[in-house]
Amino acid sequence: MHFQLSEEQQMLADSAKRFVRDNSDVEKHRQNKKLMPLDTATWQQFADLGWLAVPFEEAHGGLGMGPLETMVLLEALGEGLIMAPYIATVVLGGGFLRHASAAQQAETIPALLEGKLQVAFAAEEYERVFTLENTAMAADVTGSEVILNGTKSCVMNGDQADLLVVLARTGGQPGDQDGLSLFLVDANAPGVERVAHRTVDGRQGAEIRFNQVKVSEAARIGELNGGYAIARDVLHEGLLALSAESVGSLSVLLNETVEYSKTRKQFGMPIGKFQVLQFRMADMFIAMEQTRSLLLAATLKTVEGHDDAAKAVHAMKAQLGRAGRKIAQEAIQIHGGMGMTDELGVGHYVKRVTGVDGLFGNADVHLMAIARSA
Amino acid sequence: MDLRVPEQEKAFRDEVRTFLEESLTPDIREAGRMVTSVFAPVKEAMAWQRILNDKGWAAPHWPKEFGGTGWSVTQRAIFAEELVRAETPPLVPMGLHMCGPCLIGCGTEEQQKEYLPKILSGEHFWCQGYSEPGAGSDLASLKTFAEKDGDDYILNGTKIWTTYAHYANKMFALVRTNRDGKPQQGITFLLLDMDLPGITIEPIVGLDEVPEQCQVFFDNVRVPQKNRVGEENDGWTVAKYLLTFERGGQEYAPGLNVMLEKIRLMAEKQQTAFGPLNQDPVWQYKFAALEADVLALEFTEMRIKSALSAGKDPGALSSMTMILGTELLQKVTELRIETLGSQSVIWQPQALVPGEEQPVIGPEYALTAMPHYLNSRACSIYGGSNEVQRGMIAKAVLGL
Numbered sequence: 001m002h003f004q005l006s007e008e009q010q011m012l013a014d015s016a017k018r019f020v021r022d023n024s025d026v027e028k029h030r031q032n033k034k035l036m037p038l039d040t041a042t043w044q045q046f047a048d049l050g051w052l053a054v055p056f057e058e059a060h061g062g063l064g065m066g067p068l069e070t071m072v073l074l075e076a077l078g079e080g081l082i083m084a085p086y087i088a089t090v091v092l093g094g095g096f097l098r099h100a101s102a103a104q105q106a107e108t109i110p111a112l113l114e115g116k117l118q119v120a121f122a123a124e125e126y127e128r129v130f131t132l133e134n135t136a137m138a139a140d141v142t143g144s145e146v147i148l149n150g151t152k153s154c155v156m157n158g159d160q161a162d163l164l165v166v167l168a169r170t171g172g173q174p175g176d177q178d179g180l181s182l183f184l185v186d187a188n189a190p191g192v193e194r195v196a197h198r199t200v201d202g203r204q205g206a207e208i209r210f211n212q213v214k215v216s217e218a219a220r221i222g223e224l225n226g227g228y229a230i231a232r233d234v235l236h237e238g239l240l241a242l243s244a245e246s247v248g249s250l251s252v253l254l255n256e257t258v259e260y261s262k263t264r265k266q267f268g269m270p271i272g273k274f275q276v277l278q279f280r281m282a283d284m285f286i287a288m289e290q291t292r293s294l295l296l297a298a299t300l301k302t303v304e305g306h307d308d309a310a311k312a313v314h315a316m317k318a319q320l321g322r323a324g325r326k327i328a329q330e331a332i333q334i335h336g337g338m339g340m341t342d343e344l345g346v347g348h349y350v351k352r353v354t355g356v357d358g359l360f361g362n363a364d365v366h367l368m369a370i371a372r373s374a
Numbered sequence: 001m002d003l004r005v006p007e008q009e010k011a012f013r014d015e016v017r018t019f020l021e022e023s024l025t026p027d028i029r030e031a032g033r034m035v036t037s038v039f040a041p042v043k044e045a046m047a048w049q050r051i052l053n054d055k056g057w058a059a060p061h062w063p064k065e066f067g068g069t070g071w072s073v074t075q076r077a078i079f080a081e082e083l084v085r086a087e088t089p090p091l092v093p094m095g096l097h098m099c100g101p102c103l104i105g106c107g108t109e110e111q112q113k114e115y116l117p118k119i120l121s122g123e124h125f126w127c128q129g130y131s132e133p134g135a136g137s138d139l140a141s142l143k144t145f146a147e148k149d150g151d152d153y154i155l156n157g158t159k160i161w162t163t164y165a166h167y168a169n170k171m172f173a174l175v176r177t178n179r180d181g182k183p184q185q186g187i188t189f190l191l192l193d194m195d196l197p198g199i200t201i202e203p204i205v206g207l208d209e210v211p212e213q214c215q216v217f218f219d220n221v222r223v224p225q226k227n228r229v230g231e232e233n234d235g236w237t238v239a240k241y242l243l244t245f246e247r248g249g250q251e252y253a254p255g256l257n258v259m260l261e262k263i264r265l266m267a268e269k270q271q272t273a274f275g276p277l278n279q280d281p282v283w284q285y286k287f288a289a290l291e292a293d294v295l296a297l298e299f300t301e302m303r304i305k306s307a308l309s310a311g312k313d314p315g316a317l318s319s320m321t322m323i324l325g326t327e328l329l330q331k332v333t334e335l336r337i338e339t340l341g342s343q344s345v346i347w348q349p350q351a352l353v354p355g356e357e358q359p360v361i362g363p364e365y366a367l368t369a370m371p372h373y374l375n376s377r378a379c380s381i382y383g384g385s386n387e388v389q390r391g392m393i394a395k396a397v398l399g400l
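Listed in order, the protein sequences are those of chains E and C.
Going by this note's numbering, the first residue of the first sequence is number 1, and it counts up by one from there.
Going by this note's numbering, the first residue of the second sequence is number 1, and it counts up by one from there.
Among the hints, a few may not be true.
To be verified - Here are the computed distance ranges between Cβ atoms for each label pair:
1. C:Asp14 to E:Gly268: 47 to 57 angstroms
2. E:Glu27 to C:Lys10: 50 to 60 angstroms
3. C:Lys113 to E:Arg264: 42 to 52 angstroms
4. C:Val258 to E:Gly172: 38 to 48 angstroms
5. E:Ala189 to C:Lys55: 52 to 62 angstroms
6. E:Gly61 to C:Tyr167: 52 to 62 angstroms
Said to hold, decoys possible - Far from chain C, some chain E residues (derived; all Cβ distances over 10 angstroms):
7. Met11
8. Asp39
9. Leu63
10. Leu68
11. Gln105
12. Ala111
13. Asn134
14. Ala189
15. Asp201
16. Gly205
17. Ala219
18. Ala229
19. Lys265
It should be emphasised that the hints constitute simulated quantities derived from the structure, not laboratory data.
The beta-carbon is built from N, C-alpha and C at its ideal position, and this holds for glycine as well.
Throw the hints in and build the complete structure from the sequences for me.
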């Protein structure tokens with residue numbers, strides 16, 4: 001067992017860190033007060049750097065890497081609060097396309113690798129606490145045709161996506177793992193209506209309404225009623241990536257708070273000299289490192305195919321929510337009024353880790369998933 | 001000791017309810033529903049203050065001879081509860097709750113005659129010039145300097161976290177008039193006009209993207225000496241008097257109870273894979289813990305009112321409720337975003353502006369959740385951070 005990066009992974013980390021040094025997005029977050037089109041120049045840079053190819057097989061023109069390399073890349077991007085829709089398109093989108101038919105893959109993967117195709121996973125629904133099996137949206141199968149009706153909420157990258165991966169119910173009831181199916185839907189198909197919106201963390205999503213949207217059987221990923229297992233595995237990879245990115249953000253929140261406490265003086269001394277704040281920053285450090293440990297646990301168990309990989313992923317997302325909340329709240333409190341401003345970076349990192357807890361099930365949801373699987 | 005409500009108080013509650021029912025306009029109600037801070041949208045809050053003032057109810061806590069209502073402590077509590085229950089926008093507190101009581105206690109008769117009626121009517125909109133960059137909770141270290149020159153003071157320096165300075169036409173400020181001796185002893189309390197030459201106001205955009213706070217700069221600003229409240233270098237006493245008022249009169253429990261009830265209704269609507277969220281044991285546990293905490297706070301606040309109506313000093317209970325009230329507000333807004341999940345992530349600040357025709361994306365009840373969660377992070381910082389409050393309990397109460 002060793003936790004050292006390989007030479008290849010180290011190179012990826014270094015290039016990502018360089019990119020972040022040159023392109024930190026905090027200023028963009030500050031100015032981003034309305035819906036913004038996709039930053040195609042940055043996305044093209046991602047393609048040129050080979051980052052879009054990371055998790056794809058070499059046969060598809062990819063680099064044949066996996067969750068470990070994604071982790072290395074995203075942790076660095078999280079440090080710079082980089083907004084590019086990497087998780088939606090490459091990790092989730094790419095993850096689903098790996099389970100798609102050869103014809104679907106031939107049609108989509110080359111464009112994705114060139115940076116010309118954006119993907120979104122339409123999973124969450126209003127007034128439904130997110131778990132995959134809680135999906136209610138209907139997909140009616142008639143012969144070789146499927147008709148989608150319903151609304152997906154808060155679809156990350158849903159406003160920019162060319163291609164939607166839609167999780168819908170072809171059988172069973174909300175709560176059942178059986179009866180879920182996955183469909184690839186052209187985001188501009190007739191009957192697809194998108195309402196773009198910003199999200200708390202300076203990113204963008206969409207409410208997507210499906211009104212009698214017709215797709216053919218060939219648009220299905222995996223077996224009819226058999227979408228759960230695929231969605232679970234791909235979502236787990238998405239959660240690993242989201243957590244890696246967040247660990248990067250958490251480390252910045254910790255470091256900036258510690259640095260601020262060394263310079264900000266009150267009652268005649270730097271506030272970092274007060275024991276009550278020292279203990280709390282020590283606890284922030286512990287919470288951050290615990291998250292990093294669970295990220296490693298979940299990633300390595302996934303890569304090596306351990307039986308309890310899913311449990312580790314749930315534990316990681318739960319920890320991310322809880323540690324994120326604690327670190328974010330302490331970061332603001334210790335920064336005082338400055339932490340509440342749009343001007344300093346700290347608030348933007350806080351908003352990111354707060355937003356992340358709300359996506360794909362919060363800490364409570366993932367703890368319950370562990371409890372139920374025991 | 002008993003909890004029963006006497007008949008005449010029930011009649012008073014009915015009178016307040018009827019008045020609210022009849023006088024709240026749709027705009028004011030909308031602004032009340034859209035509140036995500038302790039500060040309400042200004043236009044509607046001021047319109048509401050004018051309506052209350054016409055009825056003589058703008059400042060129930062003031063002595064009757066200055067325009068108060070002469071109500072008992074219980075009547076004031078009932079009135080406050082009914083305002084919260086009806087979700088009226090909170091009135092802007094700087095004039096009615098800070099400067100006004102301070103002038104009643106420490107101002108000259110001339111100052112009282114000049115300012116108090118205009119505070120009640122809203123003609124004077126006050127902001128509070130206390131904090132400075134580098135001062136914050138350590139107010140004694142403030143540096144903005146007032147130098148005597150003829151009948152005036154000449155002000156130089158800067159104030160920060162000045163709520164609504166960009167709307168205000170008046171400021172009450174703490175400034176340094178003496179750099180020697182103990183830091184608390186060289187501070188003076190001044191009233192000034194915001195349109196004086198040499199004042200620059202820069203709004204500060206917050207996490208919720210709203211400029212609620214400002215930084216105010218003074219460049220050789222001339223303030224007449226007659227605008228001083230209390231003696232020169234005695235501003236600390238005036239400020240402490242104001243703080244007693246500020247801390248004694250605050251109530252958190254009624255608002256928290258209303259928020260908890262809303263969260264309960266939201267949880268009924270959220271479906272989990274196993275039924276509605278309000279049937280989920282984890283959610284139930286968190287909700288119950290908050291209900292218990294709010295009940296404890298409610299009765300602590302009642303103990304304070306009971307002490308006040310008996311003419312006693314509630315002492316440490318006031319500092320305690322400030323810590324508990326702010327932290328419970330933060331926990332309640334946190335449970336609200338947790339109850340809403342990804343619905344709370346949708347960010348639409350334009351839809352919060354009263355009168356805007358912006359269609360709401362997602363359930364309307366989710367709209368204020370995230371901005372309120374973010375905004376409420378400030379309430380354990382301002383007015384003396386909760387670390388400072390705890391320090392005061394340790395020192396003044398426990399003798400540590």
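Now the hints, each set against the structure:
1. C:Asp14 to E:Gly268: 47 to 57 angstroms: Holds: the Cβ-Cβ distance is about 55 angstroms, inside 47 to 57 angstroms.
2. E:Glu27 to C:Lys10: 50 to 60 angstroms: holds (58 angstroms)
3. C:Lys113 to E:Arg264: 42 to 52 angstroms: With Cβ atoms ~43 angstroms apart, the hint holds.
4. C:Val258 to E:Gly172: 38 to 48 angstroms: holds (39 angstroms)
5. E:Ala189 to C:Lys55: 52 to 62 angstroms: At 59 angstroms between Cβs, range holds.
6. E:Gly61 to C:Tyr167: 52 to 62 angstroms: holds (59 angstroms)
7. Met11: The claim holds: E:Met11 sits with its nearest Cβ about 34 angstroms from chain C, beyond 10 angstroms.
8. Asp39: holds (19 angstroms)
9. Leu63: It holds; E:Leu63 is separated from chain C by about 32 angstroms at its closest Cβ, greater than 10 angstroms.
10. Leu68: Check passes; 28 angstroms lies beyond 10 angstroms.
11. Gln105: Given that every Cβ of chain C is farther than 10 angstroms from that of E:Gln105, nearest at about 29 angstroms, it holds.
12. Ala111: holds (28 angstroms)
13. Asn134: Violated, because the least Cβ-Cβ distance between E:Asn134 and chain C comes to about 4 angstroms, which does not exceed 10 angstroms.
14. Ala189: holds (21 angstroms)
15. Asp201: violated (8 angstroms)
16. Gly205: violated (7 angstroms)
17. Ala219: holds (25 angstroms)
18. Ala229: Fine: 16 angstroms to the nearest Cβ keeps E:Ala229 off the interface.
19. Lys265: violated (7 angstroms)
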